[in-house]
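Novice: Chains as they are written, first to last, in my numbering: chain A, 4 to 803; chain B, 914 to 1246.
If you're looking for bench data, these hints aren't it; they were derived computationally from the structure. The structure displayed is predicted, hence computed values, not measured ones. For glycine and all other residues, C-beta sits at the position ideal for the given N, C-alpha and C. It cannot be assumed that every hint is accurate.
[Claimed, not checked] Selected chain A positions facing chain B (in silico; Cβ < 10 angstroms):
(1) Lys114
(2) Lys116
(3) Val117
(4) Ser290
(5) Thr658
(6) Ser660
(7) Thr662
(8) Tyr703
(9) Pro720
(10) Thr780
(11) Leu788
(12) Gln791
(13) Ala794
(14) Ser802
(15) Val803
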Amino acid sequence: MAYKLIGKNFTPPDLIAKVTGSAKYAEDFRADGMAFCKLILSPMPHGVVKKIDDSEAKKVKGYLGMITADDVPQFPPPADPILTNEPMHVGAPIAAVAAETEAIAAECVEKIKVTIEPLPFTVDPLDSLYPQGPDARSNGNVANVRLKLQTVKWEASDFAAAGDNKLPMGKPAEEWHYGDLEQGFKDAKVIIEESFVTAGYSHHSLEPRSAMAFWQGGKCVIHVSSQSQSFIVPGLARYIGIKPEDVLLVAEYCGGGFGSKGTEYPICSVPAHLSKKFSRPVMMRISRGEEYALGSARPGFQGYAKLGFREDGKMTAADIYVIQENGPHMGFWDFRNAGEATSFMYQPLNMRWRGISVLTNTPPRGPQRGPGENQTAAALEPLIDKAARQLGIDRVAIRKLNAPDNNAKVGEERESVTSSYHKDALDIGAEKFGWAERIKKSGQRKGSKVTGVGVGGAFHPAGANGFDGIVRITPDGKLHIHTGVGNLGTFSYAGTARIAAEVLGYNWDNVVIERGDMRKGLPWNLGQFGSNTSFTMARTNYVAAVNAKQKLLEIAAKDLGGAPDDYDLADEKVVSKADPAKSMTFAKAAQRAIELGGAYSGAETPAEINPITKGAVAMMAGTGLVGVAKDTLPKKGMVTTSTAAFVEIELDVETGSVTIVDALGVADCGTIIHPQNLAHQVKSGMVMGFGMAKTERHVYDPKLGIPANVGYYQTKPPSYLDVPVSLSGGGVDKPDPQSPMGTKGMGEPPLGASAAAVLSAISDALGGQIFNRTPVTQDHIINALAKQPQAHKPLQVNSV
Amino acid sequence: MIVKDVMPNFDLFQPKQLKDAFAILDKFGKDAWKMAGGNDSLAWFKDRAKRPKVVVDISGIAELKGVKETSDGGIEIGALTTLTELSKNPIVRAKYRVLADAASKVASPQIRNTGTLGGNAAQDARCWYYRYGLPCYRAGGNTCFADTPEGVNREHALFDTDRCVTVNPSDTAPALVALDAKFVVRGSKGERVLSAEQFFIGPKIDITHLTSIKPEEILVSIRIPKDWAGARFYFEKAAERNSWDFAMVNVAAAIVVSNGVVERSRIVCGAVSATPKRLPAVEDSIKGKALGDDIAKVAGQTATRGARPLNYNKYKIPLMANLVTRAVRDATA
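Just chain B, with the same shape it has in the complex (with noise of 0.2 angstroms):
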C-alpha cells in the first residue's frame, strides 16, 4: 500500500568540491538524485514519490556561491546563491533589480533563506496530479489526468501544451530570461552554456523534465549579461497569498528607451507554459514606441493571442493580459 511523509533510506554523498560531485554523479548515473536547499527534494523523498539510491548533496561546495562580476560587465551568480542574498544582492539591485525583485517573492522568508537561484530556476513541475504521485505523462505514465473533461486544472497552461499540461512554475525563471541569462551546466565531461530556449524545456522536448541538465551534469552558475544591465524592470507575481505561494501567473520585463521610444525590450510570463513564455509579438508591438497608456494596452491583448484555455484556468487570460500591460505601463529604471 502506499505510505507517504516517511523519508525512506539513500545513501547520503555531500561532496565539497565539484569534482568529487562528477564522480558520484558519473558513478551512479541515473540512481543519482542532485538537492541544493532541499526544499523541494525533501518533499518528494517524504512522499516516496521519488526514491533515489543515492543523494548528492551539493550545497556544501562553496565554489558554487556568490555573485561576481564578469570581465565582459555582466554577473556571474552560483547557482547555489540563496535567495535571500540574491535579493539583497547590491550589484544585482543596482543593475538587475528584476531579478531581486522575483527573488524576493518566491515563497516565504524560511524558503528564500534556504532555497537557492539554482533550485528555484530548475524546479520541478507543480501540477498537483504529479505531485499527487499519480502515473501522469511526467511521472513516465501514458496520460494527463489534469486535462480531462473534468480535471481540476486552474494552475495549469495556456500555451504550448503537447500531453501535459503543466506550468513552470518559478518566480525567478521569468526574470532570467528577461535578462537574457546564459546557464552554465557542467559536467565531468566538459561545459555546456545554455540560452533559456536550450535551457527550460517543453513536454515536445522532453516529457518527464522542464530542464535540460543531463543526470550527470549540475548547474554551476547563471551568467548575465550586461545588455540589459540599468533597463526599464517589472516584475509581478500575482498570488492569492502575500507569501508561500506559486504564482497564477507573474511577469518579468526588461525595456531599454532611449530617446523616448523603446529600443529594444524582452518581456517574460510565468505559469502559462511548460517553459517561461516569452512574448516576441509584444516586444515587436512596442519597439520603436513611445510608452503609454495605448501601447501596454495593445501589449497586454496581443500577449495572450493564441491561448488555449483548459476547463478553469480561463482567468490566466485575462490576467496575463493585464499583468503585460502593467509591466509595459509601469516598469521602471
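Same shape as in the complex, but just chain A (with noise of 0.2 angstroms):
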C-alpha cells in the first residue's frame, strides 16, 4: 500500500535540540531556592546499618538535613528500596542529605558517621546455592518477578556430579517443556552438549540518572531521566507516596536508558522527599560512577545447553538450564526468556527449559535491550555453529532450517504469533552480504591476521496492545498527537505519530506532537521499552485519529447536510464524495468542535478509557476537536520481532585482537515507518552487541565485594574506532497483520544478533573453537592462541 508519510525519511522534532544542545535534560533544570542532595552509600556488598549519626554535619552552615530508609516508604522484598539499612551492595542507598549546595552536600557526607555491621556476601550464584553458602539478603537467596523469596540450597552431591567444567543442576525453581525430550535426543544424528556463562554488566547510560523535584499546589512536579512517560506514573507515585494524578512529570529528553529507565525505579523519588522534608526544590545529580551502582545492569547467566539435530540439521530436543545472576533484588525475569528465545528461534520440536534467579551483592538488575533473549543467542547460537559443522551444513541454511515462519509457535503455552519473517531476514541478508562468497574467504591467513565470518540471530517480542490514544485538531488547523509513550532516544515516539496523521492525511508541517510533560495532556500509553512502540503506539494513534475522522465526517454532516457516510478527508478538509465543492476545512470543524461540545471537544470521554487519559483530556477539553480512544482492535498471539546479523572480522593470531571488518543487520520490523530511523536502531543494537561479544562484563574482588569497573575506560563499550564504517542495517518490510499499517517493534535483536554472529565470526577465524562465554576478551583469544589454559574456571562469574 502506498503511504504519504508511513516508510519516508522524516526529522523527528527532538533532533535538533539534541544536535544543538538546546535539549533540557532532567539535570539542566534549575528552580529559585534550590538545594542539592547527596546520597550516602554503602562501601560494603553486605551489611545491617546499626546507627547513622549527622551530629558533625549538623555544624556545617549550609546542611539541611537528611532522610533515612525510615523517612520513606517501604515495599515488600525483594522490591528495590528507595534507600535501604540493609544495603545488599557496594553502593547501595542508605541515606540521602540535602544542603544548599553539592560541595557542603558532600562535605556532610564525610562528616556523617554510618555504623554497618557486615554480613556475608557473594558474587557467584553458584556459592551461594552450595550447601552452607553465603546468601545475598538476611531473608533469601533466590527471587524475582512472580518468583517468591526463599532460600534454595542444592545437594553437595549435584555440584559433585557436574564437576568444575559443567553446571551443576539442582533442583530448578522454575520449569516446563513440551513434546518428548528424551524422543527428540533419540531421533537426534549429532548432539551438542555445552555449559556456558554471559556475563552480566551494565547498562551505563549515557544520561545519569538525575533527577530534580519540588511541590506546587499539592502536586510533585518530578523531572526524570525516563525512557517512559505516563506508563511510569502511577509507580512513581508510589515511591513518592502519594496519588498518580498528584505527580507531574516532566520527561521530555532521556540521554540512553536501554530498558534501565523504562519502567519507574526508586531512586529518583529521593528529590521529591527532601523537598517536601525541607520545603524546597532539590536537585540530585547522580554521578558517573554511582551510576554504576544505581543504573541497573543485565543479568548473567551460568548455563547448560543440550541441542539435538536432526541428519538435515533441524533441531529435535533442546534441553536449556539458566541459572541467572540477579543482583539482590527483584531484578528481572531474563532467564524465562532464555526458554521463550529458544523455542522461537530455532522451533525444537521437543524442548524443556528450567531455571533459577539467584541474588548476589552486585548492583541490581534491570531488563537490558533483550533481557535474556540477547544472553541466549550469544550462548546459543556458537552452539548451532559447532553443530552445522558436525553435520556438513552451512551457517545459514541451518538456521534458515529451524527459523520461525508465520507458523511460529512461542514457548510452553505454544502461543501462534502475528507474523515472523525470520528467513527472509536471513535471506535478505545473505544476499546483501555476499555469503557464500564471503565463507571462502574463513580462516584464510594474510600475515598475522586470519579472516572469520558469523551470522548471528535474535528474537525479542514486539508489541502490546490496550492502551489509549488522544489527537486533537485546534482551530487553527493544526493536528497535535499527545503521546504519553516517552522518548527513549529511538525516535519512535515520532513515527508512530505519523500513523495518525497518516489516517487524517495530514501534511507533517501542519502535525504538532505533544510530549514530554504530564501538564500537556497525555494519555495512558505503554512504556518505551520491549521493541512495543512500532506496534503498541501504532494502534493507539491509529483509533485515535479514526475516532477524530468519524468525528471530522459527523460535524460536515451537520453543518453541510447528509449523513457522515456522504463525506471523505482530503487535503485536511471534509469533502463531499458527491459534490468535492463542498467541504469545510480541519480548522473550521474543530471551531465547530468546540461549539458542538460533548465528545466533539473532549467534554464527554469514552468509558473505556484510562483514569490517566480522562484526566489528559480534561485539560484540553474545549481546544478543538479531540479524538480519544482505547485500543480495542483485535489481536491474536505474539507479536515478534527477530534480527539476523553478519560480521567479518580479522583476528590477529600474534595479539588477540580482533578487528570489526563488517558487518550488517536485517530486522524483520514489519512495515518500515522510517528507513534511517531503522538503519540506525539495527546499527546502534548492533554496536551494543560488539560490546556484549567482546568487552563488556561486570569484574569484582570475590573477596572484598568491590566493583573494579566503575567508568566508561573500565567497562569499555565499543568506541567509535571499534566500529566498522561499512556497518548498516535494514528491514524486511513486510506487513505485520495485526497492526493497522503493518508496523511493529524491533529494537533488542541487533544486539544479540550482532554479538552472536561476532562470535560466530571469532570461532571461525579460529577454526571451530568455541569459548562457552561472553565476553570473550583478547587475553581468553591470547590463551587460546598460546594453547595455555585460561586464568579462569569455565563457569566463574564477575571476576574475569
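Assembling the complex is the task here: the two chains are given apart, and the hints tell you how they should meet.
Specialist: Structure follows, in C-alpha cells:
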C-alpha cells in the first residue's frame, strides 16, 4: 500500500534540540531556592546499618538535613528499596543529604558516621546455591518477579556430579517442557552439550539518572530521566507516596536507558522526599560512578544447553538450564526469556527449560535491550555453528531450516505469532552480505591476520495492545498528537505519531507532537521498552485518529447536510464525495467541535479509557476537536521481531585482537515506518552487541565484593574506532497483519544477533573453537592461541 | 562516609612563569599538587582520593611548550607539549616517529588535545584497587589488594614486583626510553637531567611514586638525543579498544641497521612492570644479526624470560613475546 508518510524519512522534532544542545535533560533544570542532594552509599557489599550519626554534619553551614530508609515508603522484599538499612551491594543508597550546594552536601556526607555491621556476601550464584553458601540477603537467596523470595541450597552431590566444567543442575525454581525430550534426543544425529557463561554488565546510560523535584499546590513536579512517560506515573506516585494524579512528570529527553529507565525506579523519588521535608526544590545529580551502582545491569547467566539435531539440521530437542545472577533485589525475568527465545528462534520439536534466579551482592538488575533473549543468542548461536560443522551444513542454511515463520509457536503454551519473517531476514542478509562468497575467505591468513565470517540471530516480542490514544485538531488547523509513550531516544514516538497523521491525510508540517510533560495532557500508554512502540503506539494513534476522522465526518454532515458516510477527508478538509465543492476545513471543523461540545470537544470521554487519559482529555477539553479512544482492535498471538546479523572479522593471531571489518543487520520489523531510523536502530543495537561479545562485563574482587570497573574506560563499551565504517542495517519490510499499517517493533534483537555473529566469526577464524562465554576478551583469545589454560574456571563469573 | 565525584575545594594557583611556580611549590611543599593537562588530576580530585590543599596549574607556562631542535642535533620537547601536537610535529615524525606513533595511540582525541607529554610520561598507576581509593602500599598503606589468591590482576605486572604489582601504564614512556630520552626536572634549587633509569622508578625505590620527581620540582622538558634519529622504529599498543583504553602490553623499538646487520637497538615494553621495561637481553640477541623471522622469534622468547605471572595476567607472556617479535620483525625506517 502506498502511504503519504509511512516509509518516508523525516526529521523527528526533538532531533535538532539534541544536536544543538538546547534539549533540556533532568539535570539541566533549575528552580528558585533549589537545594542539592548527595547520597550516602554503602561501601560494603552486604551489611546492616546500626546507626547513622549526623551530629558533625549539623555543624556545617548550609546543611539542611537528611532522610533515611525510615523516612521513605517501604516495599515488601525483594523489591528495590529507595533507601535501605540492609545495603546489599556496594553503592546501595542508605541515606540522602540535602544542603545549600552540592559541595556542602558532599562535605556533610563525609562527616556523617554510619555504623554498618558486615554480613556474608557473594558475587557468584553457584557459591550461594552451594550447601551452607552465603546468601545475598538476610532473608533469602532466590527471587525474581513472580518468584517469591526464598532460600535455596542444592545438594553437595549436585555439584560433585557436575565437576568444575559442567553446570551443576540442582532443583530449578521453575521449569516447563513440551513434546518428548528423550525421544527428541533419540531422533538426533548430532547432540551438542555445553555449559556456558554470559557475563552481567552495566547499562551505563550516557545520561546518569539525575532528578529534580519540587511541590506546587499539593502536586509534585518531578524531572526524571525516563524512557517512558505516563506508564511510570503510578509507580512513581507509589515511590513518592502520593496519588498518580498528583505526579507531574517531566521527561522530555532521555540520554539513553536501554531498559534501565523503562519503568519507574526508586532512586528518582529521593529529591521529591527531600523537597517535601525541607520545602525547597531539590536537585539530585547522579555521577558516572554512582550510575554504575544505581543504573541497573544485565543479569549474567551460568547455563547449560543440550541440543539435538537431525541429519538435515532440524533441531529435534533442546534442553536449557539457566542460573540467573540477579543482583540482590527483584531483578528481571531474563532467565524465563531464555526459554522463550530458544523455543522461538529454533522451533525445536521437543523442548525443556529450567531456571532459577539467584541473588548476589552486585548492582540491582533490570531489563537491558533484549533481556534474556540476547544472552541466549550469545550462548546458543555458537552451538548452532558447532552442530552445522559436525553435520556439514552451511551455517546460514541450518538457521533458516530451524527459523520461525508465520506458523511459528512460542514457549510452553505454544502460542501463535502475529507474523515472523526471520527466514526472509536471513535471505536478504545473506544476499546483501554476499555470504556465499565471503565464507570462501573463512580461515584465510594474511600476515598475522585470519579472516572469520559469522552469522547470528536473536528475537524479542514486539508489541502489546489495550492502551489509549489522543489526537486533537485545533482551530488553527493543526493536528496535535498527544503521546504518552515517552522518548527513549529511538524516535519511534514520532514515527508512530505519523500513523495518526496518515489516517487523517495530514501534511506533516501541520502536525505538532505533544509529549514529555504530563501538563500537556498525555494519554495512558505503555512505556518505551520491549520493542513494543511501533506496534502498540501504531494502534493507539490509529484508533484516536479514526475517532477524530469520524467526528470530522459527523460535523460536516451536521453543517453541510447528508450523512457522515457522504464525506471523505482530503487536503485537511472534509469533502463531499458527491460534490467536491462542498467542504469544510479541519480548522473550521475544530471550531465547530468546540461549539458542539460533548465528545467532539473532549468535554465527554469514552467510558473505557484509563483515568490518566481522562485527566489528560479534561486538560484540553474545549480547545479543539478531540479524538480519543482505547485500542480495542483484535489481537491474537505474540507479536515477534527478530534480526539476522552478519559479521566479518580479522583476528590477529599474534595479539588476539579482533577487528570487525564489516557488519550488516536485517530486522523483521513489519512495515518500515522510517527507513533512516530503522537503519540507525539496527546499527546502534549491533554496536552494543560488539561490546557484549568482546569487552563488557562486571568485574568484582570476590573477597572484597567491590567493583573493579566503574567508569567507561574500565567497562569498555565499543568506541567509534571499534565499529566498521561499512556497518549497515535494514529491514524485511513485510507488514504485520495485526498492526493497522503493518508496523511492529524491532529495537532489541540487533544487539543479540550482532553479539552472536561476532562470536560466530571469532570461532570461524579459530577453526571452530568455541569459548562458551561472553565476552570473549582479548586475553581469552591470546590464551587459546598460546594453548595455555584460561585464568578462569569455565563457570566462574564476575572476576574475569 | 565516603563520597565521590564531587571535587572538594582547594586553592588554585595559575603561574605564568616557572619561577613563580617554583616559589609556590617551595612555599607549600607536599601540600601542593602540580597539574598540567588535568586529565588525571581532576579525576583524582573528583574522587576525593587525593586532597591537595593547593593546586598549581602549570598549563599557562609558555616556556614549557613546543618542540625545538638543540645545538647537539637532538630535540627538546617542552613537558607541556600536547600529545596531539607531538603526534603531528614534523620533526618528531621525520626523525623520531616511534614517539609520534606512541603519542597518537594515547587515550582519545579529546584527551590527547589536552594531555601533555610530561603528564603522560609521568602519569600515576592505574591499578584499580589503588584507584578505588583502598589503603594499599602505593596509597601509603601496608598491603597489596591485587596480589592476593583471588585478586583481580589481569592488568598487572609480570616483572620486578615488590609488594606492589602495578604497572606503568604510559604509552609514551616506552617510546621515550627507546629513544634514550633525558628528563629535565627543575626546582628553585637547580636542575637535574635524569636518564630513564633514574626518572622511572619501581616500588623497590619508592612504592608511592612511579617517577623520581620531587615535590618541589617540575618536569620541564624531555631531551631526545640525535643518536636514534632516523632509526628503524616500531610502536604497538595491544588494547581491547582502539580508543580510550590502556595498553595490555605495548612495545617501542629503535633499531639501527648498518651493512645489513643490527648495529644497536633499544627495545622496551610497557604495562609489564612498574617502569617501562627495557629488554637488554633482547637487544643483545639481535646485535650483529641480520633481521629476519628467526631472530625475531628468538627475540620474543627472550623478552619474557623471568616473567612471574599473577592469577589473571599470564596472557601477557605470549602477548609480550609476540609484540617484541613483531617489533624486531616489522620495524621500519
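Novice: Against this structure, judge whether each hint is valid.
Specialist: Cross-check of the supplied hints:
1. With 10 angstroms as the threshold, the beta carbon of lysine 114/A comes within range of chain B, its nearest partner Cβ sitting at about 9 angstroms, so the hint holds.
2. Nearest Cβ of chain B to the Cβ of lysine 116/A: about 8 angstroms, under the 10 angstroms cut. The hint holds.
3. The interface hint given for valine 117/A holds, since its Cβ lies 5 angstroms from the closest Cβ of chain B, which is under the 10 angstroms cut-off.
4. With a least beta-carbon distance of about 3 angstroms to chain B, the hint placing serine 290/A at the interface is held under the 10 angstroms criterion.
5. Because the closest C-beta pair between threonine 658/A and chain B is about 5 angstroms apart, less than 10 angstroms, the hint holds.
6. At its closest, the beta carbon of serine 660/A sits 7 angstroms from a beta carbon of chain B; the interface hint therefore holds under the 10 angstroms criterion.
7. The interface hint given for threonine 662/A holds, since its Cβ lies 8 angstroms from the closest Cβ of chain B, which is under the 10 angstroms cut-off.
8. With a cut of 10 angstroms, the hint placing tyrosine 703/A at the interface with chain B holds, because the nearest CB-to-CB distance is about 7 angstroms.
9. This hint holds: proline 720/A has a C-beta 9 angstroms from the nearest C-beta of chain B, less than the 10 angstroms allowed.
10. Interface hint at threonine 780/A: satisfied, since its Cβ lies 7 angstroms from the closest Cβ of chain B, which is below the 10 angstroms cut-off.
11. For leucine 788/A, the interface hint holds, the least distance from its beta-carbon to any beta-carbon of chain B being 7 angstroms, beneath 10 angstroms.
12. Taking 10 angstroms as the C-beta contact cut-off toward chain B, the hint placing glutamine 791/A at the interface holds, the least distance being around 6 angstroms.
13. At about 4 angstroms, the closest approach between the beta carbon of alanine 794/A and any beta carbon in chain B falls short of 10 angstroms, and the interface hint on this residue holds.
14. For serine 802/A, the shortest C-beta to C-beta distance to chain B is roughly 5 angstroms, which falls under 10 angstroms, so the interface hint holds.
15. At about 7 angstroms, the closest approach between the beta carbon of valine 803/A and any beta carbon in chain B falls short of 10 angstroms, and the interface hint on this residue holds.
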